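Numbering (this note's numbering), first residue to last: 508 to 848.
No lab work stands behind these hints, which were simulated from the structure alone.
Note that the structure is a prediction, hence the values are computed from the model and not measured.
Ideal Cβ placement from N, Cα and C applies to all residues, glycine included.
Treat the hints with caution; some may be incorrect.
[Unchecked claim] Once the Cα atoms are required to be at most 27 Å apart in a straight line, the calculated DSS-like pairs of lysine-lysine come out as: (1) K669 <-> K512; (2) K512 <-> K730; (3) K730 <-> K669.
[Claimed, not checked] Just the calculated beta-carbon pair ranges, DEER-fashion: (4) L529 <-> A683: 17 to 25 Å; (5) V715 <-> A623: 31 to 39 Å; (6) W787 <-> A583: 43 to 51 Å; (7) A559 <-> P732: 25 to 33 Å; (8) A590 <-> H756: 40 to 48 Å.
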Amino acid sequence: MRESKVIAPDLLDWYDRHARTLPWRVPPGGPPADPYRVWLSEVMLQQTTVAAVKAYFLRFTTLWPTVQALAGADDAAVMAEWAGLGYYARARNLLACARAVTAMGGFPDTRAGLQALPGIGAYTSAAIAAIAFDRAETVVDGNVERVVSRLFAVQTPLPRAKPELVTLAETLTPQARPGDYAQAMMDLGATICTPRSPACVICPLQAVCDARAQGIAAELPRKTPKPAKPLRQGSVWLARQGGALLLEHRPPQGLLGGVLAFPSAGWDGRDLPPPGPAAWCDLGAVRHVFTHFTLDLTVLLGDLTGNPTRGELTPLRQIDREALPGLMRKVWDMAQPALRG
DNA sequence: ATCCGGTTAT
DNA sequence: ATAACCGGAT
508 MRESKVIAPD LLDWYDRHAR TLPWRVPPGG PPADPYRVWL SEVMLQQTTV
558 AAVKAYFLRF TTLWPTVQAL AGADDAAVMA EWAGLGYYAR ARNLLACARA
608 VTAMGGFPDT RAGLQALPGI GAYTSAAIAA IAFDRAETVV DGNVERVVSR
658 LFAVQTPLPR AKPELVTLAE TLTPQARPGD YAQAMMDLGA TICTPRSPAC
708 VICPLQAVCD ARAQGIAAEL PRKTPKPAKP LRQGSVWLAR QGGALLLEHR
758 PPQGLLGGVL AFPSAGWDGR DLPPPGPAAW CDLGAVRHVF THFTLDLTVL
808 LGDLTGNPTR GELTPLRQID REALPGLMRK VWDMAQPALR G
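Could you put the whole structure together from the sequences, leaning on the hints where they help?
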């Protein structure tokens with residue numbers, strides 16, 4: 508059992524003096540912000556920095572001041588305004604969510620109700636419930652994970668530590684001012700308890716921070732090193748004869764087992780020669796990321812001058828792109844200009 | 001060149 | 001359980 512901590516009073520005092528002023532924020536201590544603006548900003552903030560979001564938020568709220576207005580917008584207009592922000596599934600979910608909310612007469616005011624909406628997951632539902640509806644939900648984003656892992660000097664590496672960090676974070680959430688508290692945690696993570704060099708000397712929580720006491724704040728949270736993906740290289744042959752290309756079924760076991768593919772070699776443990784005699788023309792390389800490695804495959808096109816040694820000649824028009832694995836689709840796509848010209 | 005980060009689909 | 005989705009920061 509870990510020692511419990513009380514941080515909300517000190518953190519809220521700090522927030523009252525140092526809260527960032529942001530277009531979607533209201534000042535600390537006052538009534539909560541408009542749920543529409545909280546939702547819109549939180550969705551934009553998913554995987555995206557505050558600096559990048561500001562201009563988009565202003566533009567969206569000018570164009571569409573309410574969720575009803577946004578619900579009535581053309582899909583294409585919203586996609587166009589979102590352009591440049593990235594992760595475009597967010598924009599599609601944004602519209603679906605705006606329409607659902609409009610149909611139900613307004614935003615749900617509970618975390619569960621919010622999380623049932625498109626594009627709203629564990630983080631965003633808690634953030635809206637806390638910030639817009641003053642509910643004592645615990646908001647855990649990357650900032651909070653970092654702050655909590657340091658406060659309690661959690662040595663378990665992420666992502667395995669996630670459930671432990673959520674549990675610890677829940678013990679810290681106050682009943683009073685949960686919205687300001689949530690924003691304070693994120694501001695602390697963004698401005699003081701930063702990933703690289705945390706400013707512990709000016710941190711309002713330095714006195715209760717275990718990592719600070721142990722001098723390991725900058726080393727936390729630990730992360731399981733992503734298995735370094737080695738780069739492998741190989742060749743794939745587009746062996747042409749008349750209007751047909753050589754295709755083969757890969758060996759039933761192992762990588763891409765049993766799927767249709769253009770003959771290839773050099774990257775999957777097999778080191779085979781070209782599937783027939785031809786003068787090969789280098790079309791360039793396709794890159795494909797597998798679970799354990801990144802593959803650069805050199806695409807070679809040639810007209811067979813003799814019998815193929817493996818595979819089956821398949822008429823071009825009979826080749827179904829959708830029947831190929833992703834890697835081979837990339838190869839197919841790259842070859843299109845050459846196969847026409 | 002590498003790190004960072006929520007949600008959804010698979 | 002994990003990969004796909006993108007752009008910005010370091």
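Status of the hints after comparison with the structure:
| no. | hint | in the structure |
| --- | --- | --- |
| 1 | K669 <-> K512 | 19 Å, holds |
| 2 | K512 <-> K730 | 24 Å, holds |
| 3 | K730 <-> K669 | 11 Å, holds |
| 4 | L529 <-> A683: 17 to 25 Å | 22 Å, holds |
| 5 | V715 <-> A623: 31 to 39 Å | 37 Å, holds |
| 6 | W787 <-> A583: 43 to 51 Å | 44 Å, holds |
| 7 | A559 <-> P732: 25 to 33 Å | 28 Å, holds |
| 8 | A590 <-> H756: 40 to 48 Å | 41 Å, holds |
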